[in-house]
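Asker: Chain by chain, the residues:
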Amino acid sequence: MAKGKVDFITGNDAAAYAVKVCKPQVIPAYPITPQSPVTEKIAEYVADGELDAEYVEVEGEHSCLAVARGAGQLGARVFTATCGPGLMYAHENMQQVAVDRTPLVMAVPDRSHVSLYPDLTDITPESQSGIIMLFCETPQEVMDTLIQGFKVAEDHRVLLPLFVCYDGYVTSHTGSTVLMPDQEDVDAFLPEYEPYWGRVDPSNPVISVARSVPQMKMEHEQAMENAKSVIKEVNEDFGKAFGRKYGNGRIELIDFDGAETALIAHSSLTGTARQVIKDLKAKGEKIGLIKLKAFRPFPAEDLREALKDIKAVGVCERHEIPGHGQGMICGDLKAALYDMPKRPLVVDAALGLGGTDVTVPELTYVANAVLEAAKTGVVKKKLIWAPEIGKSREGDD
Amino acid sequence: MSLATVERGVQRVTIPPTAACQGCPMVLIARTALDTLGQNTIVTIPASCGGWSGIIGCPRTGTQFPSAAATASGAARALKKFGMNDTNVLVVAGDGGTYDIGNQSLSGAVERLEPIIWVCQNNQAYMNTGIQRSGATPRWAWTTTTPVGSVNKGKSVWNKDMCEIVEATGAPYVAKASVAYTRDFVNKIKKAQQISTVEKKGVSFIEVLNTCPTGWRYDSGLAIRVARLAVQTGIWPLFEVEEGDFKLNYKPKEVLPVAEYLKVQGRFRHLTPEQIEAWQSRTTKYWEGMLERAS
Amino acid sequence: MGRAPLTDQLIKTRQKAARAWAWRVFKPEIDYDTCIKCWTCVNFCPDGCIEKTDEGPVIDYNICKGCGICPTECPVNAISFEREER
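Residue numbers (my numbering), protein chains in the order written: chain A, 1 to 397; chain B, 1 to 295; chain C, 1 to 86.
For reference, chain A alone in the conformation it holds in the complex (with noise of 0.2 Å):
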């Protein structure tokens, strides 16, 4: 078992510190709150010879992207970190970056487009793109799914773009007790990435043969296919080497035995969601929990194994699309769940958005809907807006 060293530290110094043992050769960076601390923690890692990278203060965050995207064509590991409106800013290269296949993972504190604080807005854009995102409820699983992430990206079975993404300022800016592992243990288990077409190689002239769009958009399809795989058995050996696992890597199943009803949380909602899913439990009701870990490739098998005798489901998560009556995860679960012959009730919560607090209360009013669907037999309310659970939020129960 590996070992390390005990600190209390923040989601982004968690994050800081992964790159540190990860290695990457060249960090493009740019300071958007809550992202900020990442990269000052990394300048001084690289200010004291700690780690050995190439450190761009760039200008703004698109070229902070095309820094990643002109460096990893060359074959060089690259990382970089961003969010909200600096991410928006980012899109026309990001988008470029999931088209070159490049493995750039991403530091990704998730932030409103209309405020400093937490929602999933900011990776909406790039939701459709092909690029693989993970949520992280934890500073300590920030940490241990960065170091996993280079290893799922530079996999030659998927070479994508990776975000690592987590609550800004819940879990950014708030301090937890984190296992550090030592450089050696992630030496072995994270190799130096090898570029599938080699570094760049002046004196052997080659010329792209550009096959049609269609296929290149089929092989980006497959690699995200692969993921799926690739993100399970990257998860897997983590736990052989660290001691630490996440469900299977996409999902996880918490406090599931004889569940007949299930919530579905992400990120920070989950640590909350725990309480409410142990209250309600021990007042007798058959209701579980189920993480959701992997965002992109969508883990449609693995919730459709899940799901499969569960009579009503309950989505809370940081988003709502205007004019969907949903927010992007309850879409993408419905439509997962579409070809199933027997299929549970779902119910959307649309909480926190713009990052306000996701309270034991507004959770337990989500999961108390969802029992009520699963007795009657009917959904009341499709969609719960956060403001119209009003009094049920004040003060804790």
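Please note: incorrect hints may appear among the correct ones.
With a straight-line Cα cutoff of 16 Å, these simulated EDC-like cross-link-like pairs (lysine to aspartate or glutamate) come out [said to hold, decoys possible]:
hint, chain 1, residue 1, chain 2, residue 2
1, A, Lys20, A, Glu59
2, A, Lys382, A, Glu372
3, C, Lys27, C, Asp60
4, B, Lys80, A, Asp48
5, B, Lys153, B, Glu274
6, B, Lys191, B, Asp86
7, B, Lys81, A, Asp255
8, A, Lys286, A, Asp257
9, B, Lys253, B, Glu288
10, A, Lys23, A, Glu50
11, C, Lys27, B, Asp219
12, A, Lys334, A, Glu305
13, A, Lys20, A, Asp182
14, B, Lys80, A, Asp201
15, A, Lys278, A, Asp255
16, A, Lys41, A, Asp52
17, B, Lys81, A, Asp52
18, B, Lys81, A, Glu192
19, A, Lys382, A, Asp339
20, B, Lys190, B, Asp86
21, B, Lys81, A, Glu194
To give an idea of the chain A side of the interface with chain B (calculated C-beta under 8 Å), a few residues [to be verified]:
hint, residue
22, Gly60
23, Ser63
24, Ala66
25, Leu74
Derived by calculation from the structure, the hints in this document are not laboratory data.
The beta-carbon is built from N, C-alpha and C at its ideal position, and this holds for glycine as well.
Given chain A, put chains B and C in place with the hints provided.
Answerer: Frame of chain A; chains B and C shown alone:
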């Protein structure tokens, strides 16, 4: 084969044919730069006529239009990490990718002293997409977005001077070159290679006037002649600034009137005598500024 | 995406497919008696179609687009520029 290539006996790095217009000086610019620097070069070409430079025998990065300087910076940093210290990093950008949409990332790269050789082939408009005006288009020029009608007659404002901007941002080498003066251009590329690739002092910025026959509306056979006129009228002086040291490379025996340059081009066909006079006084002031700085 | 080595064969195939010569309306022709081998035409041809040989400059008509620069720049008017018969 360019003279430079034949004399130096190196492998041609750009291979014809190109999809560029007949008589396009951009091809000459790209060829001269690449053949002088040689195969051990990573080239970045953002959206521009430069994309039609033919088959290129050295690695070329893909970049989005605003990001040529940033993509090249990423390439330069990767090369440094790999220990490939004598590989050139070249950007061949148009005026759009230098003056307008590419301005921000260029400014950042210059300030960071990235070891990049930047060749701006300036045809004074967005020629590749159909002759739309850019920040480099001179005053009263006809373009498809500043057409000559009954109310508006050409572009209403003067162009930027990118050499001054890049020099002020701190580039160690800034120069203007011309396709009509090949030896001077080749010398400047070699100087840029020394400063950027060998000594890693920062961005070397070389701006070359690309006298586009298609967009400037004149017969393609006169392309080099128009480039020569630009130099001899003082509109496009050949100079270089190496870490603050200014050198005027060529003083014509007789500075020709700008009307000689303007009357060849269809894009200035509608100019009134007052407008030509305004051109002349602005150019005279610019040229005298060059002479003063040289002394 | 695939990659192929940049061989002479690949270049020749590309040049043949491009048919750049089809753009030509007027054709430059060098009079070797007048030519003084200053290589100005070699220097200024944008596409680099003219090769420097012991006999003098030789135009590759597969890639010459007939732009008119070499007849204009030749200091001794050794290059004619007539409409091409096709």
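Asker: Going straight from one Cα to the other, do Lys80 (chain B) and Asp201 (chain A) come out at no more than 16 Å?
Answerer: Holds - the C-alpha atoms of Asp201 (chain A) and Lys80 (chain B) are around 14 Å apart, at most 16 Å.
Asker: Below or equal to 16 Å on CA atoms is what counts here, so check Lys382 (chain A) against Glu372 (chain A).
Answerer: holds (13 Å)
Asker: Identify whether the interface hint at Leu74 (chain A) stands, where standing means a beta carbon of chain B within less than 8 Å of its own.
Answerer: Hint holds; Leu74 (chain A) Cβ to chain B Cβ min 4 Å, cut 8 Å.
Asker: Holds or violated: are the alpha carbons of Lys41 (chain A) and Asp52 (chain A) at most 16 Å from each other?
Answerer: Holds, at about 14 Å.
Asker: Tell me if the interface restraint on Ser63 (chain A) is satisfied: Cβ within less than 8 Å of some Cβ in chain B.
Answerer: Check passed: Cβ of Ser63 (chain A) comes within 4 Å of chain B, closer than 8 Å.
Asker: For the pair supplied as a hint, Lys191 (chain B) and Asp86 (chain B), confirm whether the alpha-carbon distance does not exceed 16 Å.
Answerer: holds (14 Å)
Asker: For a C-alpha distance cap of 16 Å, please report whether Lys23 (chain A) and Glu50 (chain A) respect it.
Answerer: It holds: about 10 Å lies between the C-alpha atoms, which stays within 16 Å.
Asker: Does Glu288 (chain B) lie within 16 Å of Lys253 (chain B) when you go C-alpha to C-alpha?
Answerer: Satisfied, since the Cα-Cα distance of roughly 15 Å is no more than 16 Å.
Asker: Could you grab the alpha-carbon distance between Lys81 (chain B) and Glu194 (chain A) and see if it respects the 16 Å cut-off?
Answerer: holds (15 Å)
Asker: Would the hint linking Lys81 (chain B) and Asp52 (chain A) be met if the CA-CA limit is 16 Å?
Answerer: Holds, at about 9 Å.
Asker: Run the distance test for Lys278 (chain A) versus Asp255 (chain A): straight-line Cα separation, threshold 16 Å.
Answerer: Since the Cα atoms of Lys278 (chain A) and Asp255 (chain A) sit roughly 8 Å apart, the hinted pair holds (cutoff 16 Å).
Asker: Check the hint pairing Lys81 (chain B) with Asp255 (chain A) against an upper bound of 16 Å on the C-alpha distance.
Answerer: Not OK: Lys81 (chain B) and Asp255 (chain A) at ~48 Å, beyond 16 Å, violated.
In summary, the structure is inconsistent with hints 1, 4, 7 and 19 from the numbered list given earlier, while agreeing with the others.
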